[in-house]
Amino acid sequence: MFYRETGQFKQSYAADQAVFPILQDRIGLAIILLVAFVVVPLFGNEFLLASVMVPFLILSLGAIGINILVGYTGLLSLGSAAFMGVGAYSAYKLSTIFPGVNILVWILCSGFFAAGVGVLFGLPSLRIKGFYLAVATLAAQFFLQWCFVRISWLYNDNPSGAIEVPARTLFGIAITGPSATPVTRYLVVLAIVVVMTLLASNIVHGRIGRTWMAVRDMDIAAQLMGIRLLPAKLLAFAVSSFYCGVSGALMVFLWLGAAEPSAFDIKLSFLLLFMVIIGGLGSMIGSFFGAALIHILPIVIRMLPEALGLPIAAATVEHLTYLIVGGLIIFFLIVEPHGLARLWQIAKQKLRVWPFPY
Amino acid sequence: MLYNIFIDPFVQMAQMPDLLVQTLWEGLVSGVLYALIALGFVLIFKASGVFNFAQGIMVVFSALTLVGFYEKFSAYGFSGHTAAFVALILTAGVMFVLAMLIERVVLRPLVNQPDIILFMATFGITYMLIGFGEMVFGGDPKQMIASELFLPSGSVDVEMLGGMVSFQKIDIAAAVIASVMIAGLALFFQKTRIGRALRAVADSHKAALSVGISLNQIWVIVWFAAGLVALVTGIMWGARSDVSFALEIVALKALPVLVLGGLTSVPGAIVGGLIIGIGEKLGEFYWGPLLGGGIESWFAYAIALLFLLYRPQGLFGDKIIERI
Amino acid sequence: MSLKNWLYALSAAASLTLPAVHDAQAEDSIYVPLFTYRTGPFAGSGTPIANGMHDYLTLLNERDGGIGGVKLIVEECETGYDTKKGLECYESVKPKKPVIVNPWSTGITLPLIPKAAVDKIPVLSMAYGLSASAKGDTFPWIFNPPATYWDGFTQILQYIATQEGGGVEKLKGKKIGYIYLDASFGREPLPLIEQLSKELGFEAKLYPVAAADMQNQSSQWLSVRRDKPDYMILYGWGALNATAVKEAVKTNYPMEKFISIWWPSEDDAKGAGDGAKGFKTLNWHAVGADFPLLADIQKHVVDAGKSQVSGKDKVGQVLYNRGIYNSMLIAEAIRKAQEITGNKVVTGEDVRRGLEGLNIDEARLKEIGLEGFTSAVKLSCADHNGHFSTFVQSWNGTTYEKVSDYIAPLSDKVGPLLDADAKAYAEKNAPWPARSEACDAS
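Residue numbers (the working numbering), protein chains in the order written: chain C, 196 to 553; chain P, 536 to 859; chain H, 3 to 444.
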């Protein structure tokens, strides 16, 4: 009843090809942007902004990057955390070498470094496939992490061995460093994530995205259709690593504030991959769902006992969190193996025919 | 520089042959142990197409269960070899129950789903095992009950090649037990009825079903076998360091072995394990100092990657045949 | 897949009704959060520390009704030794106005260093974290007593020199191996080693162990066999320590020449059996439960079922006592803060002053019930570390026993490095705020 596209006629090709052809979608989008940009910063407390929303958005961005590679192009990668690290370290180097340039420029530029490294480690993808490729990208993961520890030039010889975020401003307002308020950090991250998501959405819906999906569905067939595999796959690696790199730079600069190489360890690679799988492979919204399930759900579970006034020790809560999150992952997979995004689609379909399902 | 890379390591090898033998031995032992972990992956991957992310935590879980049982027994004054072996059998029982549970709760509802979904499901299993294991056993590191299980300690020192080479008895035991285990499993899968059924399942689920093989039964058996392999791995690695959740990291070592040997090949896991084990020890020992040491973490992957470029499906993996 | 969809998701996530954080700081209580890790790969070290910290503060509540008549609200937050979770803990306790935080992880400490001054919450990173934060002028909010990793390294060197029968000049021509966790913690002493090996004329051999290879050190120990260092120094953590001791035993390395920084526990040495006898570590406090205070903890906390220790024998272990020491610093800092301000309920700012004025002398230690537990602790505005002496303890098969006198660090070597580092940190993180906090003359 509420979500119906009947009566919305398209009178030009441009209208038909719009990213949001349905009126309800556009209204929904406007509402969500309003909530995200106005309501959340106004009413959210610091914890919600700093520990829930900022990490959630940053992880979502990383998940989008991986989704481009895994979900759209069908190349399994376990090196994503290392590419995030490349982004973080290059943003750090750039911003300390050229402190005058705005930090946002460097955060976005850092994506190009990550993309370069990603292409390099993507080269074997032409020959190696599936889980073999996944393990091959682990070489990138471990080698790059070793570099982050060993090459002291990367962290400006800091004795702590970590990259520390200098305080930087935008229009006179601190956006990184200790005095940046969670609201500012949230808004900056949100703006970047919204823009980059729109961009990604456009890429995957366009010619490039279709190329990738053809490669994913069957690369030999795609090749027969005239798609050149090497450029297509390498482009996927580049774009994916670009997103990972930016998200890594955001992670250090706007979320953590300082990072040791272990922040980019293999656990993060796995987590991001799992976000994508549980959220829905080949789905933008899935990346957000997945990040929400894997990042926000444990926080909520951790807070529940305290909110309900149950006297449970912190360690026990942690054990329960693991149990419940693990159980929920299996539950969701059994209910809908194609990820949460698929559940969302089904819900939309139901909404479309409601209240007369026949 | 070139001298350091291409000549000096070999000069060192020739000058100190005893150390070379020792290095090869250490590589062999870790190779066998890597092969053991990889075997756990291969068994499951062959039979159910699942890349089992939970293998690492199964290693921890089984080792903790074993030590946990033994501690409980000791608390009631029942200790020594008998108690240790009772604990061992009980742990095997627990791994069997775990295999049944996984088959019943996770695999059966997810039958016929894409590999990557099953991979994800094992991540859920990992989380549950971490939560459950820590809740039951706590996070304290525990000592592996090595001597109670008749695992020897001490070393055999052999004088040879103008030096001393020392073979740890526990390492010898590990190598022997792992080899026996691998051989036993290989025999089991080659010669028995269940083994043939397993290979049929590995070839094609549907065809196997159509000739009356119970997939569910096979899965329970395979996951149980993987659980046993995890238990042996846990005992061996636990005796080398201690039994704690840090052991989980060890399982990552199986990944380069898997790519190298092929995900579907038992001999591949063994040969891959040996190549990686010996390769990384030689690399670390002779070439590591050039890069400041500590290169072991990625060196194994570099070896694996090189082999992969030559054979994309691993050394012994099934050849990938692609049709339009 | 439309943009709308993901934005829906976003709003759904945003509107997640998080439980309102209730104000824990009632009128008459002091909120002390404890960041602990009883889960994860490092739980073996984290659990006893957590128990020690928790039990001491609980004892104060149970026996004395808090500090100065004000109850402490002690709350644990599980970090799992994970930086991201640790920061989450920090954000979640911040609204409750904690008077102090102890991150118990260098990874968590580093991001908190710049935040501390802004949030007005002092950070106590006891003998870990950033060594340079010993400089109170640059880091007024960070405290890392009683010694830095650099101090520890020079103390080990001096111990080696005394074993060789003399001062540090005896190190000349010696070969000293350094096996360490290949992360910031283990790499921190590298510049010092480089400098000292030149100045004192010893040869340093480095054996890095990657975190992923903690349990797989045979190549490092093979190299040890090849290089035959006269002494080995260990900077490890978690499973690295246990494995290193076992491998050293396997390699037949003489254990009395194997000396570690202060983190190994009983469990780390016990696993290697009799061969580990003689394994040495640094320490700055006693081992064992033979103190009035620990007896009180046994009585009021453990026996009353208010502790999470798994057995009575755990009370008094190295890392348990380290937790006790940590909580003693917290409690004494709060007490000092009450003394300085005259208020019963103190704030983070007060406790910062309390830490700077911290002065636990022998008499006070006796009052606490910890006579002979450790040496006196006195901090100042300029020195947030104290660079106190530590001693060497040796594993005898069941416990660690003290085998050396207190050894002072080579402050003339470490001092300039610390100064340079603090300066470099401030420069690299420019604009680093200059110290604006007044100093209480104490």
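FYI, nobody ran anything at the bench for these hints, they're computed from the structure.
For clarity, every value in this text was computed on a predicted model and none was experimentally measured.
Just so it is clear, CB atoms sit at the ideal spot from N, CA and C, and this is done for glycine as well.
Mixed in with the good hints there might be a few duds.
Straight line, CA to CA, 30 Å or less: simulated DSS-like cross-link-like pairs of lysine-lysine [to be verified]:
| no. | chain 1 | residue 1 | chain 2 | residue 2 |
| --- | --- | --- | --- | --- |
| 1 | P | 607 | H | 259 |
| 2 | H | 73 | H | 98 |
| 3 | P | 607 | H | 314 |
| 4 | H | 316 | P | 607 |
| 5 | H | 230 | P | 704 |
| 6 | H | 279 | P | 704 |
| 7 | H | 301 | P | 607 |
| 8 | P | 704 | H | 259 |
| 9 | P | 704 | H | 272 |
| 10 | H | 207 | P | 704 |
| 11 | P | 607 | H | 174 |
Coverage of chain P stretches by chain C, computed from C-beta distances (three or more under 8 Å per stretch; other residues unrestricted) [to be verified]:
| no. | segment |
| --- | --- |
| 12 | 590 to 600 |
| 13 | 792 to 800 |
| 14 | 828 to 836 |
| 15 | 839 to 845 |
Some residues of chain H that are not near chain P, with every Cβ distance over 12 Å (derived) [said to hold, decoys possible]:
| no. | residue |
| --- | --- |
| 16 | 43 |
| 17 | 166 |
| 18 | 177 |
| 19 | 200 |
| 20 | 201 |
| 21 | 212 |
| 22 | 291 |
| 23 | 301 |
| 24 | 337 |
| 25 | 418 |
Hints, verified against the model:
| no. | hint | in the structure |
| --- | --- | --- |
| 1 | P/607 - H/259 | violated, 37 Å |
| 2 | H/73 - H/98 | holds, 15 Å |
| 3 | P/607 - H/314 | holds, 17 Å |
| 4 | H/316 - P/607 | holds, 18 Å |
| 5 | H/230 - P/704 | holds, 23 Å |
| 6 | H/279 - P/704 | holds, 20 Å |
| 7 | H/301 - P/607 | holds, 26 Å |
| 8 | P/704 - H/259 | holds, 25 Å |
| 9 | P/704 - H/272 | holds, 19 Å |
| 10 | H/207 - P/704 | holds, 29 Å |
| 11 | P/607 - H/174 | violated, 53 Å |
| 12 | 590 to 600 | violated (count 0) |
| 13 | 792 to 800 | holds (count 3) |
| 14 | 828 to 836 | holds (count 5) |
| 15 | 839 to 845 | holds (count 4) |
| 16 | 43 | violated, 4 Å |
| 17 | 166 | holds, 26 Å |
| 18 | 177 | holds, 15 Å |
| 19 | 200 | holds, 18 Å |
| 20 | 201 | holds, 22 Å |
| 21 | 212 | violated, 4 Å |
| 22 | 291 | holds, 18 Å |
| 23 | 301 | holds, 24 Å |
| 24 | 337 | holds, 32 Å |
| 25 | 418 | holds, 25 Å |
The structure fails to meet hints 1, 11, 12, 16 and 21 from the earlier list, while all remaining hints are met.
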